[in-house]
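Peer 1: Here is how the chains run, residue by residue.
2 protein chains.
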Amino acid sequence: MSLTPSLDRLIHQLQKLPGVGPKNAQRLAIFMFKKGADFSRDLSEAIVEMASSVRYCGVCFGICESDVCEICSNNLRDHGKICVVEKPTDVFHIEATGQYNGVYHVLNGLISPLEYLTIDKLNIRSLVSKLNADDCTVGEIVFALPPKVEGDATMALIKKMIKRPFEISRLAQGIPTGCEIEHIDSMTLARALNNRHQMDADKKAVNPAPGDSSQGVHQTKLIQ
Amino acid sequence: MSLTPSLDRLIHQLQKLPGVGPKNAQRLAIFMFKKGADFSRDLSEAIVEMASSVRYCGVCFGICESDVCEICSNNLRDHGKICVVEKPTDVFHIEATGQYNGVYHVLNGLISPLEYLTIDKLNIRSLVSKLNADDCTVGEIVFALPPKVEGDATMALIKKMIKRPFEISRLAQGIPTGCEIEHIDSMTLARALNNRHQMDADKKAVNPAPGDSSQGVHQTKLIQ
Numbered sequence: 000m001s002l003t004p005s006l007d008r009l010i011h012q013l014q015k016l017p018g019v020g021p022k023n024a025q026r027l028a029i030f031m032f033k034k035g036a037d038f039s040r041d042l043s044e045a046i047v048e049m050a051s052s053v054r055y056c057g058v059c060f061g062i063c064e065s066d067v068c069e070i071c072s073n074n075l076r077d078h079g080k081i082c083v084v085e086k087p088t089d090v091f092h093i094e095a096t097g098q099y100n101g102v103y104h105v106l107n108g109l110i111s112p113l114e115y116l117t118i119d120k121l122n123i124r125s126l127v128s129k130l131n132a133d134d135c136t137v138g139e140i141v142f143a144l145p146p147k148v149e150g151d152a153t154m155a156l157i158k159k160m161i162k163r164p165f166e167i168s169r170l171a172q173g174i175p176t177g178c179e180i181e182h183i184d185s186m187t188l189a190r191a192l193n194n195r196h197q198m199d200a201d202k203k204a205v206n207p208a209p210g211d212s213s214q215g216v217h218q219t220k221l222i223q
Numbered sequence: 000m001s002l003t004p005s006l007d008r009l010i011h012q013l014q015k016l017p018g019v020g021p022k023n024a025q026r027l028a029i030f031m032f033k034k035g036a037d038f039s040r041d042l043s044e045a046i047v048e049m050a051s052s053v054r055y056c057g058v059c060f061g062i063c064e065s066d067v068c069e070i071c072s073n074n075l076r077d078h079g080k081i082c083v084v085e086k087p088t089d090v091f092h093i094e095a096t097g098q099y100n101g102v103y104h105v106l107n108g109l110i111s112p113l114e115y116l117t118i119d120k121l122n123i124r125s126l127v128s129k130l131n132a133d134d135c136t137v138g139e140i141v142f143a144l145p146p147k148v149e150g151d152a153t154m155a156l157i158k159k160m161i162k163r164p165f166e167i168s169r170l171a172q173g174i175p176t177g178c179e180i181e182h183i184d185s186m187t188l189a190r191a192l193n194n195r196h197q198m199d200a201d202k203k204a205v206n207p208a209p210g211d212s213s214q215g216v217h218q219t220k221l222i223q
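Chains as they are written, first to last, in numbering that gives the first Met the number 0: chain A, 0 to 223; chain B, 0 to 223.
By construction, these hints were calculated from the structure, which means they are not laboratory data.
Be aware that a few hints might be false.
No copy labels: a pair is met if it fits in one copy or bridges any two.
Pairs of lysine-lysine residues, derived as DSS-like cross-links and limited to a Cα-Cα distance of at most 30 Å, are as follows [stated by the list, open to error]:
| no. | residue 1 | residue 2 |
| --- | --- | --- |
| 1 | K86 | K159 |
| 2 | K159 | K22 |
| 3 | K34 | K162 |
| 4 | K86 | K34 |
| 5 | K22 | K33 |
Computed from a predicted model, the values in this text were never measured in an experiment.
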């Protein structure tokens with residue numbers, strides 16, 4: 000169905016967004032028109048401002064609005080500890096916990112041959128050369144990758160490429176907060192059983208002692 | 000979760016769109032960032048152009064990019080026949096059938112006291128004064144309103160407010176094309192049975208004869 004030329008153009012653009020089909024794009028375009036010129040101006044200005052301001056951090060490949068992100072340029076953070084994540088937004092999710100004071104490295108994906116995500120499409124070589132450099136001051140690597148085949152493959156590959164020994168940990172796997180035991184899949188439940196820990200450990204994880212280098216990341220399995 | 004200031008601002012704006020929650024807004028914003036500046040520029044330009052170009056037609060309240068829409072300003076259309084629809088997009092859906100050559104009047108909603116949609120919030124008085132004017136040349140009204148309580152109430156109200164007799168019809172109700180009889184609700188099936196028509200009528204409706212004034216709108220019930 001063809002509407003007016005400028006509505007059609009907007010619908011065409013909106014359809015390029017993920018999860019927005021033809022009907023939904025038409026609904027959004029008509030909604031914008033009905034909300035009036037102020038609404039459309041605010042939205043388009045927000046898009047333009049985002050596109051001109053946001054960029055990848057030159058050090059960790061997270062997202063920020065300057066050349067180096069606030070975390071990488073903060074001398075109060077522990078630069079000897081590097082947390083490897085899949086996506087830029089993972090950084091913000093981990094920051095929201097308030098339980099980590101090191102720096103990050105964003106891979107921008109996981110190894111997945113089926114999706115043509117190979118080593119050269121991800122920020123893996125930059126991480127490895129950072130870790131293999133002679134003047135590297137990193138002593139600890141925390142893998143915060145999704146617990147699935149692609150995450151495990153990526154982790155294994157990086158481990159294989161680094162030449163020096165590091166203290167390497169991965170996020171604890173187990174049951175999420177607030178859920179019923181009966182709703183947990185058996186794989187997760189099996190891991191939660193195998194990785195069970197002494198009840199005193201919880202206290203330490205949630206309220207880490209000042210200067211405690213583990214800072215609440217459960218180092219239940221050191222995967223050297 | 001707070002990202003960078005300009006991403007947060009964009010997410011805030013995107014959440015105002017219908018059906019876009021916080022997670023979806025964040026996903027859309029990150030998608031736009033990843034697609035690069037060209038994508039965001041095209042989208043924001045399309046929004047701005049739409050907001051500055053599209054307006055309501057001064058005659059029928061449909062949407063167009065000039066003061067009077069192409070249909071209202073087209074002398075080849077039958078201005079003696081007016082089709083009353085709920086939404087501006089309904090005009091384009093009916094036009095897509097190629098079965099109607101009259102003009103339109105868009106109510107911009109249906110009477111619904113529960114949603115505070117009263118007579119003064121809709122384009123009802125303008126329709127009625129057009130129809131009650133001494134120099135009115137309209138002879139036929141086609142109601143293409145949704146077959147539900149609000150549509151019926153709106154139709155009844157308009158019929159009550161018009162003073163002269165008109166040939167009034169409403170869209171045929173029955174089973175939609177391509178569906179299985181077992182999937183039709185009983186109310187629709189009952190109407191399809193009551194409004195059944197001679198099989199020759201179909202031929203006439205789909206291929207109206209040149210100069211045929213009914214132009215395929217099934218006038219199964221004239222509701223005077």
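Peer 1: Within a copy, between copies, both or neither: where do K86 and K159 come within 30 Å Cα-Cα?
Peer 2: Result: close within a single copy only, 22 Å intra versus 62 Å inter.
Peer 1: Can you tell me if K34 and K162 fall within 30 Å by alpha carbon in one copy, between copies, both or neither?
Peer 2: neither (58 Å within a copy, 35 Å between copies)
Peer 1: When Cα atoms must be at most 30 Å apart, do K86 and K34 count as within-copy, between-copy, both, or neither?
Peer 2: Classified as between; 15 Å across copies, 34 Å inside a copy.
Peer 1: Is it within, between, both, or neither for K159 and K22, if the alpha carbons may be no more than 30 Å apart?
Peer 2: Neither: 48 Å inside a chain and 35 Å across chains, both beyond 30 Å.
Peer 1: Can you give me the call for K22 and K33, within, between, both or neither, at a CA distance of at most 30 Å?
Peer 2: So K22 and K33 pass the 30 Å test inside a copy (17 Å) and across (24 Å) alike.
Hints 2, 3 from the list above are not met by this structure, while the remaining hints are.
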